[in-house]
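2 protein chains.
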Amino acid sequence: MKLSEIGEFGLIARFSPAFLKRLPEGVVGIGDDCAVLPWRRGERLLVTTDMLVEDSHFLRKEIAPRDLGDKSLAVNLSDIAAMGGRPRWAFLSLGIPAGVEVEWIDEFFRGLARAARPAAVRLVGGDTTKSPDRLVVNIAVVGTVRAGRVKTRSGARMGDVIAVTGNLGDSGGGLRVLLERRRRGRDENFLVRAHHRPRPHLDEGAWLAARPGVTAMMDVSDGIDSDLHRIMERSRCGAAVELERLPLSKPLRRCAAKYGWDLYEVAASGGEDYCLLAAIDPKSFASVAAGFKRRFGRPLAAVGGITPARRGLSYRLSGVPVRLGRGGFDHFK
Amino acid sequence: MKLSEIGEFGLIARFSPAFLKRLPEGVVGIGDDCAVLPWRRGERLLVTTDMLVEDSHFLRKEIAPRDLGDKSLAVNLSDIAAMGGRPRWAFLSLGIPAGVEVEWIDEFFRGLARAARPAAVRLVGGDTTKSPDRLVVNIAVVGTVRAGRVKTRSGARMGDVIAVTGNLGDSGGGLRVLLERRRRGRDENFLVRAHHRPRPHLDEGAWLAARPGVTAMMDVSDGIDSDLHRIMERSRCGAAVELERLPLSKPLRRCAAKYGWDLYEVAASGGEDYCLLAAIDPKSFASVAAGFKRRFGRPLAAVGGITPARRGLSYRLSGVPVRLGRGGFDHFK
Chain F
1 MKLSEIGEFG LIARFSPAFL KRLPEGVVGI GDDCAVLPWR RGERLLVTTD
51 MLVEDSHFLR KEIAPRDLGD KSLAVNLSDI AAMGGRPRWA FLSLGIPAGV
101 EVEWIDEFFR GLARAARPAA VRLVGGDTTK SPDRLVVNIA VVGTVRAGRV
151 KTRSGARMGD VIAVTGNLGD SGGGLRVLLE RRRRGRDENF LVRAHHRPRP
201 HLDEGAWLAA RPGVTAMMDV SDGIDSDLHR IMERSRCGAA VELERLPLSK
251 PLRRCAAKYG WDLYEVAASG GEDYCLLAAI DPKSFASVAA GFKRRFGRPL
301 AAVGGITPAR RGLSYRLSGV PVRLGRGGFD HFK
Chain Y
1 MKLSEIGEFG LIARFSPAFL KRLPEGVVGI GDDCAVLPWR RGERLLVTTD
51 MLVEDSHFLR KEIAPRDLGD KSLAVNLSDI AAMGGRPRWA FLSLGIPAGV
101 EVEWIDEFFR GLARAARPAA VRLVGGDTTK SPDRLVVNIA VVGTVRAGRV
151 KTRSGARMGD VIAVTGNLGD SGGGLRVLLE RRRRGRDENF LVRAHHRPRP
201 HLDEGAWLAA RPGVTAMMDV SDGIDSDLHR IMERSRCGAA VELERLPLSK
251 PLRRCAAKYG WDLYEVAASG GEDYCLLAAI DPKSFASVAA GFKRRFGRPL
301 AAVGGITPAR RGLSYRLSGV PVRLGRGGFD HFK
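Quick mapping for you: the protein sequence lines, in order, are chains F and Y. Residue numbers for the first sequence follow the numbering used here, so the first one is 1 and each next one is one higher. Residue numbers for the second sequence follow the numbering used here, so the first one is 1 and each next one is one higher.
Hints are computed from structural coordinates only; laboratory data are not their basis. Predicted model, so just to flag it, every value in this text is computed and none were measured. Heads up, a few of these hints could be off.
Here are the simulated EDC-like cross-link-like pairs (lysine to aspartate or glutamate), alpha carbons at most 16 Å apart as the crow flies [to be verified]:
1) F/K130 to Y/E5
2) F/K2 to Y/E101
3) Y/K250 to Y/D187
If you want the footprint, here are the derived chain Y segments under chain F, 3+ residues with CB under 8 Å [said to hold, decoys possible]:
4) 30 to 37
5) 100 to 112
Computed spacing ranges between beta-carbons, pair by pair [to be verified]:
6) F/G260 to Y/I12: 40 to 50 Å
7) Y/A120 to F/R14: 19 to 29 Å
8) F/E233 to Y/P132: 27 to 37 Å
9) F/R117 to Y/G26: 17 to 27 Å
10) Y/E5 to F/D133: 16 to 26 Å
11) F/P299 to Y/A120: 43 to 53 Å
12) Y/P212 to F/R193: 47 to 57 Å
13) F/D133 to Y/K250: 33 to 43 Å
Even glycine gets a Cβ: it sits at the ideal position worked out from N, Cα and C.
Work out the full structure: start from the sequences and follow the hints.
Structural data, given as structure tokens:
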């Protein structure tokens, strides 16, 4: 059987049960943004790791090495943010083809440092090694979090509000600009920058983790259409999203109009937004949202609600049910 | 400038100073077998990571997937052993080409479990992702060690005995058997097995870590000819090795004679032995070696001694200075 027949999530479902048996109390294994492990009294260790392979995850000719170094670390920091933690140490494995220029690698490290500095994370180890022709980057990040504040994907409850901490679709729009080789004006550059330089929502994650009303949290890496399924599986629930409530930037709206993109498709399935997706108790939502607005100067956007599991993931646009097909959102026939 | 002009160690020397500045007390960063980080009171966390890229580090057609899974984890466990620690948690990133069979991956995971079980290490996270054509394996392992027992590469002192915990060259011999496509008899299979299924010296490492006379320790991954340089750099010393004292297996001796290999070259530079290399205070050596023999039923082999830095790495064979050239060991001219 070919791997393509079962896909990444099928593969994880196939092998992970063997590794999830008899995990000690308080340990979270495969299936969340980070593994959760014991650390000091009252604190937990968070560990996450991400692999980027040239031509599958990035095009060496399209991304500046500094942006690649920055993004490689940022996507891991986003996983720490999703658990409500603070990143501390990073480990880099770099598989390098012989023809890569040292100056390229210097720039990559400058980007890594650019992402590490504001997050106060230190690169303390790794592995540099040969690769036949494609560059491979693997970063692991170790962080910490107060034991009572760990937010997983499994706590969402019926009726919870689904909220996101930032705009959706900018990164997906940036990828379209690149793939469709669009001429780059100010809007296009804004989107490409969102794609190349995601900002992990560490402060937002730590702040939300301290709110007891937040029942589940994860980061938006594959797009909410895919990521909500992860919360639905782990929390055994469904989710209903109102598309016009998705927070969308003006550059994305303008580019979607200009290039004929389905705006909501880009927002829901473009991926790599690296903002946070949270489920919040409806009784707490108003105060959490008001506090978020005060703290961060922008809204915590309510985009839908948690429903019974049998309802699956449903979308509405202007009150009418729609579904995400191959060509974008359309009405049921 | 091409990477090949400065090499892996040149690259590490180039970027690591920026990341070694202002590390907190007790933290060991880039340059040892593992990073050493704070954990509970009186204990330290050890973290190591290793990347294997198809066609650079293994040939998918030559190694059984079960052995690859086993070895991928074992090489990381060996780094934990080298610091005197116990492994606890493992994280796997797997970059998989679309054409790989699911059954191949099942076997890979069986191998991973085979190495994990005796070491009591749990796979608790990772990343499975696409790779265009070559399989990429990155494993990170987190372990722990009592604070006073951390053994680094930097503690070796003049006059210390250099010792190894196992035979050298079997893995290098196994690689030669594969590359030279030798007919596989019992000896050849013994060597290939050493190459494909290294056994991390975890018990030996933990036992040696508890001996105060052990001043420095690392694992033999590139061969002692390369690895001793790492201890020399970090401990600012030289090393003198007596080649006839290197512990060599009978299968390796027989194959070297049969195929015309330079036996000592294979032993000193074949690499991937994954036994441990230790520097031991000469006043303690006799009692440490006797205790090791009682505990493990085989000798701790003294192979040389630590010398002043200006002496560099020197070899003697039957009392005569020799050097390792391109074609093996030869006399100075």
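Okay, the hints, checked on the actual structure:
no.: 1; hint: F/K130 to Y/E5; result: 13 Å, holds
no.: 2; hint: F/K2 to Y/E101; result: 5 Å, holds
no.: 3; hint: Y/K250 to Y/D187; result: 8 Å, holds
no.: 4; hint: 30 to 37; result: holds (count 4)
no.: 5; hint: 100 to 112; result: holds (count 7)
no.: 6; hint: F/G260 to Y/I12: 40 to 50 Å; result: 49 Å, holds
no.: 7; hint: Y/A120 to F/R14: 19 to 29 Å; result: 24 Å, holds
no.: 8; hint: F/E233 to Y/P132: 27 to 37 Å; result: 29 Å, holds
no.: 9; hint: F/R117 to Y/G26: 17 to 27 Å; result: 22 Å, holds
no.: 10; hint: Y/E5 to F/D133: 16 to 26 Å; result: 19 Å, holds
no.: 11; hint: F/P299 to Y/A120: 43 to 53 Å; result: 48 Å, holds
no.: 12; hint: Y/P212 to F/R193: 47 to 57 Å; result: 56 Å, holds
no.: 13; hint: F/D133 to Y/K250: 33 to 43 Å; result: 41 Å, holds
In the structure shown, no violation is registered for any of the earlier numbered hints.
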